[in-house]
Each structure stands twice: as C-alpha cells, then as structure tokens.
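Colleague: Here is how the chains run, residue by residue.
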Amino acid sequence: MLKIKNLQASINKKLILKGLNLNIKEGELHAIMGPNGSGKSTLANVLSGKSGYEISGELKFQGENLKEISVEERARKGIFLAFQYPLEIPGVNTNNFLKTSLNSVRKAKGEKELDALAFLKLVKEKSSELGIDEKILSRQLNVGFSGGEKKKNEILQMKILNPNFSILDETDSGLDIDALKIIAQGVNTSRDKKKSFLVITHYQRLLDYIKPDFVHVLSEGRIVKTGCSELAQELEKTGYQKLN
Amino acid sequence: MKQQELKKSKEYKYGFTTDIESIKAPKGLNEDVIKFISKIKKEPKWMLEWRLKAFKRLKNIKEPNWQKPKYPKIDYQNLYYYSAPKSSKNKPKSLDEIDPKILETYEKLGIPLKEQEKLSGVAVDAVFDSVSVATTFKDKLTEKGIIFCSISEAIQKHPELVRKYLGSVIPITDHYFATLNSAVFTDGSFVYIPEGVRCPMELSTYFRINSSETGQFERTLIIADKGSYVSYLEGCTAPMRDENQLHAANVELIALDDAEIKYSTVQNWYPGDKNGKGGIYNFVTKRGACRGKNSKISWTQVETGSAITWKYPSCILQGDNSVGEFYSIAITNNYQKADTGTKMIHIGKNTKSRIISKGISAGNADNTYRGLVDISKKALNSRNYTQCDSLLMGNKCGAHTVPYIKNKNYSSIVEHEATTSKINEDQLYYCNQRGLNQEDAISLIVNGFCKEVLQQLPMEFAVEAQKLVGISLEGSVG
Ligand SMILES: Nc1ncnc2c1ncn2[C@@H]1O[C@H](COP(=O)(O)OP(=O)(O)OP(=O)(O)O)[C@@H](O)[C@H]1O
Ligand SMILES: [Mg+2]
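Sequence order for the protein chains is A and B.
Residue numbering for the first sequence follows this note's numbering, beginning at 1 and increasing consecutively.
Residue numbering for the second sequence follows this note's numbering, beginning at 1001 and increasing consecutively.
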C-alpha cells in the first residue's frame, strides 16, 4: 500500500526527516512513537501532501508516485489524516463540511453524490457509534469544540469518508478513558484486509485497545527501532533515552 | 460601434450581449437630452421641471474626489443617457408581447419572466438599459393594495405619491452623482406598501445594462406606510466590454411609523478583466429614512462585481426607537476597487444601528470600508454596534477601515470592532485533506467568514449569493 524509501524532508531549510524507510502493506496497522519534535507530524504532513516541504527519496502509494499528486487528489485516492490539532473554520457548519467533503471524494471516485437525506442517515449512524452528540454537528466546524470533541470529530470524518489509508496523529492525546475506548473501537471496526493505518501516539495505553502489527520508534527524523506490540510496553518503562 | 465585445469566459457568465435594436437619445448631456427622456416617458411637466432644476444645479458642482479608488475622467458628453429596446416603445401590456429576445436574455440570467416559469414567491421588475420591460405578479399584489411598478409608470399613475416622496431622502442638491441622476434618471422600481400590509412575497428588480457607451441611471423609490413590511431585492449584471460604463443610481426608502423595509442587493456588474480593463463604475446613492417611530430599515449588500464600487447605503433614524442595519459583503479581485460602507444618522431617541461589514480582497484589489455613525445631541439613549472584518488573499491586495464616529450625547453608546486577517493556509490544507479542491476550499472558508451577512438574505437568493462569493474569487490563490 505505502512504500517509503530514504525519505528526506526539510522545511525552511531545516532538515527534519533524515532518510526514513517504511513499508505498510494492505490490512496492516503500524504505530509510530517517538519523542516530541522527532518528526512524526512532519511525516503525516508529507504523506498527505502539505505544501512547503522540500522532499527527496521515494514515496509510493498503491504503486503511484505520491510526490506528483496534490493534497486533495491524495485525499480522494483514500489517504486520510486525523489532525493532531484539528482546524477551526468559523461560519462553516460541521454537517455541511462533512457532506461537501464526502461528496468531493465520492465524485472523484465516480460514485453518486449523497443527497441530504442519505447523508444525514449516514452521519446519524456513525456519530452514534462514536457517542458524538449530534447537536455539535450543527455548530461551526470545530469552533468551541472541546479537545476531545475535536478528536472524535476527526474519527467521525474518517468513518464517513471510509479511506483505505488513515493516519492518526495523536488522536488519543487529551481523550478521557471512555472516549479513548470508543475511538479505539471506531478504528477497530474499520479495520479490514484492505485498509491500512498509521497511528502516531505517545501512549502505550492506546495500543492496549488497538493492536498494531508493528511499532516503530521515530527519533531525529529516522526510524531507529521496529518491533511488535511488546516494544510499546518496553518503551513505556524505559523511555526513549536508551535508544539513542 | 467602436467598442469591441470581449470574448466570453467562464469567469463572468453574464457577459453576453443581446443583439437588439434600440432607441437612443442623442449622445451627450444637455437640456435637449433631458427633454427627450422626459418626453419619451410621457412625463408631466412638474417632472421635467424637477429634472431641469437638478441639471441647473449640476452645472455648478464638481465630482467628489475624496474616495480612495481614483478613476480616469469621465467624459459625460460622450455617453448615451437613454437607450431602450425599440420593441418597448409602446410598453407591452402582457408578457406575451415582450420581445422574445428580451425574455431569452432574462432566462439566460436565471430570471424567467414567463407566466409558467416565474420564480415562485418573488415578483420581478425587469429593467433593461433605460426601461422597465416587465413586472410580474402585478395582479396578486394589486389585490392587497400594493403598488409595484416601474418609476416611469408611477410618475404617470401615482403622481401624488411620487411628488411627495421623490427627493425627500436624497435631495436633488445632495452631491454630484445624486444630482446627475435626478436630472437624467431613466427607470427603476416604485413600491408602495399600504398601511398595515405585510407584502406577501419578495419584490425584486433585475437591472441589466446591454447597450455600450450607455450610462444607467436607475431611480428606485420604496415607501412603507404605517405598520407595513416589505422585503426587496435587486440584482444586476452587464455584458463584458473593455470600456468602463457608469451606473449611477439613486435609491430612496421611506419607512413610516412601525414599518419595516428590508433591502437586499446582489451586485454582479461586470468587474473588468484580469488586467483591470473594462467594468462598471458603480457609483450609487442609497439612503433610507426611518421617518416614523419604531420603524426599521435594513440594508444587505453582496457586492462582487464592478470595476469600482462606491456607495454607502445609509439610514436616517428620525423616528424614536427606529432601527437601522447595514450588512455588507464586498469582494474585490484582480484590479477591482471598492470604497463602501454606510452612514447611520441617529436623530430620534432610543435609536439603534448595527453595522456588519465583511471585506474580502484578492489579487491586486483594494477594499475600503468607510462608515459614519453620527449620534445627535437629541438622540438620547442611542446605540451603535459596528463590526468590520477584512480578509486578505495574497500580499498584493489592500484592505482599509475608515470609521468616523460622532457621538454628541452622553447617554449613547458606540462600539466598534475591526479585524484584518489573511486567509489561513492551514484551514485550506485541512479542507484539501478532506478532498475539497482549492477553489471549493476558498469558497467554503470565505462563505463562513461572510455567514452573518449571507444569513440576512432572503432564502431564495442566499444559495445563489453563496455560489457567487466562490466564483468571484476564482483564481485568487495559486
Ligand atoms: N515550519 C517549520 N519551520 C521550522 N521548523 C519546523 C517547522 N515545522 C516543524 N518544524 C520542526 O520540525 C521538528 C519536527 O516537528 P513535528 O511536528 O514533526 O514533531 P512531532 O514528532 O510531531 O512532535 P510532537 O510529538 O510534539 O507532536 C520540530 O523540531 C519542529 O520544531
Ligand atoms: Mg506531532
């Protein structure tokens, strides 16, 4: 699904990713851990195509060279990023945003756009699964949402867009224990043989609920260690110090 | 004809011309032309005298030049002041008699006039160059005693109302363009809502400039008698030409005791091309008088077109407890310029005004909010709230806020808030990541920014206006 070879990325002349290799196959869930500032969000941004980065190395998604493809095209091809800090867009109704987003993706895939009724049905179903109060969906996008509500809203968007590759950037940070379980469940019910995930987290706790196939440690722009879910438990005890 | 038609492009889809024979007044501005206009409109003598009085005044005054957008000298002698489709000479009695080419034009503009296809719930007065060519739903309105017709018709059929109110809000001596309009105005709408009547539908006028080298001098007069209510909307478009055309309108509103007038504008005159060639000079005087107690006048404007927009729809709050509102979106792209805002003149006690202005600037455009809040000594316990937000795209455009505040008594309160921001790249990225392309993302964010104003528009037009906001900014972010 995703092949990253010797990826280097810099922004404002500062090199952040320094030769990163990563292979994610269909159906796999990879977790990335690593100290603050090690480049996790940068990796997420580079994968989703945010502008401003100077990039070299190989970046392939489903056999295509990602470097040539715009952010929205990548999104339409099924790359989804749950933001570490979801953006507030004043004046834009959340439901309306979700619908516009879903229909752009559907249209690009050659699927029929959903009408208001079908859309509301879908939102109702997905938001109740995630324990989201529907009232917040008629509010302005993320404006005045609590930290947890914002994160849940990201996962709701993931469930609605149904992408085949999802990057979750610290979606678990700031969630209470119940919300964490709900979100983990939301991810788990989305998992199947075709879908892949890259889950960025600081806490092993999340990985108790979402079983990763691999855990990587990112440090100073490189993956310095890869293991299975036990690695996360180990890190929880020892910290990152020993790896450097 | 020396003016060349510009090629149609997708940016301005109303840029076509209707090939139709027209009757024109001879070029130039003089007494004979004014007499020609008055005669062709079969006006009574008092009307002609009124026009000539304005013209006399005009000769002694100069164009104002304090505005921010400057423009090359207008050659007033090189304009046509009257142009009308030949077929409208004997004004058709029914819609079936209208030149099919005109019907087709309005259909193309999304304003079907034919009986079967009329916009439901909206009565339309269609003004083509200098004449009103059709007014729909007349019968239904007449039942309620509402008068909705062209100003030309009103001058003939309701002279007592016209004489009483015309020029009572914008005196013929007001300023250059208002005086010019008073001398040469051609057509526009007239509305009278009788005492206690709530107008059952939206009233709307659609202005179309078609002929080249022609100025459009619209005159609209709306009177809401005691306890009545009306919501009125105007829309405007023009063909794409590389000349600048002048649209100098006067709009007067009068609200008597307990009456309310809601006046909305969706202005989409041709803005000129990417390099700033051509486009309409939209120099308009709009003023409402809240003459009665507890009356209310609310202006909502969505200004997306024109090369230069220069207007300050204002409220004179004479009646005690009267309310004035001004909601504005002004979008300028490429080389467009806008200097717009409002004047709220508080005279009565306990008068309230509210100003919400959203300016959006892209490309090399320049956008100024200019507003006056004037609270007189006697206007005790009055209030004003003003909020001006500017949004910039790119770094070649400009935004300016020029508020004038005069509070002459101690019991009144004036609040002013202003913000200027750049379109947020991270918001755009977020939208793109959700599959929206750049244009849709901009449109979404800008519509969000303008929401408070868009909400004020009548439902029938809000969707159209939202689309227009997006289209006007196409190509503004690379
Ligand atoms: N626009 C920028 N200009 C310069 N440096 C930047 C820019 N954006 C990010 N960086 C730097 O790149 C490094 C990696 O940042 P990144 O956000 O990827 O870290 P992270 O691993 O996600 O950290 P955290 O765990 O705190 O979220 C940091 O040192 C950060 O300051
Ligand atoms: Mg991060």
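No lab work stands behind these hints: they were computed from the structure.
A virtual CB, placed ideally from N, CA and C, is assigned to each residue, including glycine.
Keep in mind that a hint or two might mislead.
As the list claims (entries may be wrong) - Calculated from the model, a selection of chain A residues having no Cβ within reach of chain B, i.e. all distances over 10 Å:
#: 1; residue: Leu-15
#: 2; residue: Glu-54
#: 3; residue: Arg-76
#: 4; residue: Pro-90
#: 5; residue: Gly-91
#: 6; residue: Val-92
#: 7; residue: Ser-104
#: 8; residue: Glu-134
#: 9; residue: Gly-144
#: 10; residue: Ser-146
#: 11; residue: Gln-185
#: 12; residue: Ile-223
#: 13; residue: Lys-225
#: 14; residue: Gln-233
#: 15; residue: Gly-239
Claimed, not checked - Label-pair ranges, simulated between beta-carbon atoms:
#: 16; chain 1: B; residue 1: Asn-1424; chain 2: A; residue 2: Gly-174; range: 43 to 51 Å
#: 17; chain 1: B; residue 1: Val-1402; chain 2: A; residue 2: Glu-58; range: 30 to 38 Å
#: 18; chain 1: A; residue 1: Ala-118; chain 2: B; residue 2: Glu-1097; range: 31 to 39 Å
Colleague: A cut-off of 10 Å on Cβ-Cβ distance, and Val-92 of chain A was said to be off the interface with chain B. Does that hold?
Modeller: The claim breaks: Val-92 of chain A does not keep its Cβ more than 10 Å from every Cβ of chain B (closest is about 4 Å).
Colleague: Per the stated criterion, does the least C-beta distance between Gln-185 of chain A and chain B lie above 10 Å, as a non-interface residue requires?
Modeller: 23 Å, holds
Colleague: Mind verifying the non-interface call on Gly-144 of chain A? Its CB should be farther than 10 Å from each CB in chain B.
Modeller: Consistent with the label, Gly-144 of chain A stays out of reach of chain B, its closest Cβ about 14 Å off (over 10 Å).
Colleague: Minimum C-beta separation from Ile-223 of chain A to chain B exceeding 10 Å: can you confirm that?
Modeller: Fine: 24 Å to the nearest Cβ keeps Ile-223 of chain A off the interface.
Colleague: Would Ser-146 of chain A pass as off the interface with chain B, using Cβ distances and a cut of 10 Å?
Modeller: 18 Å, holds
Colleague: Decide, holds or violated, for the assertion that all CB atoms of chain B are farther than 10 Å from the CB of Gln-233 of chain A.
Modeller: 32 Å, holds
Colleague: Should the label of Gly-91 of chain A as a non-interface residue stand, given a Cβ cut-off of 10 Å to chain B?
Modeller: 3 Å, violated
Colleague: Is the Cβ of Ser-104 of chain A more than 10 Å away from each Cβ in chain B?
Modeller: Incorrect as stated: the minimum Cβ-Cβ distance to chain B is 4 Å, not above 10 Å.
Colleague: Arg-76 of chain A clear of chain B by more than 10 Å, beta carbon to beta carbon?
Modeller: Check fails; 5 Å does not lie beyond 10 Å.
Colleague: Measuring from beta carbon to beta carbon, are Val-1402 of chain B and Glu-58 of chain A in 30 to 38 Å?
Modeller: The hinted range 30 to 38 Å is violated for Val-1402 of chain B and Glu-58 of chain A, with Cβ atoms some 55 Å apart.
Colleague: Assuming the hint says 31 to 39 Å, is it satisfied by the Cβ distance from Ala-118 of chain A to Glu-1097 of chain B or not?
Modeller: With a Cβ separation near 46 Å, Ala-118 of chain A and Glu-1097 of chain B fall outside 31 to 39 Å, so the hint is violated.
Colleague: Was Pro-90 of chain A rightly flagged as not at the interface, with every chain B Cβ beyond 10 Å?
Modeller: 6 Å, violated
In summary, the structure is inconsistent with hints 3, 4, 5, 6, 7, 16, 17 and 18 from the numbered list given earlier, while agreeing with the others.
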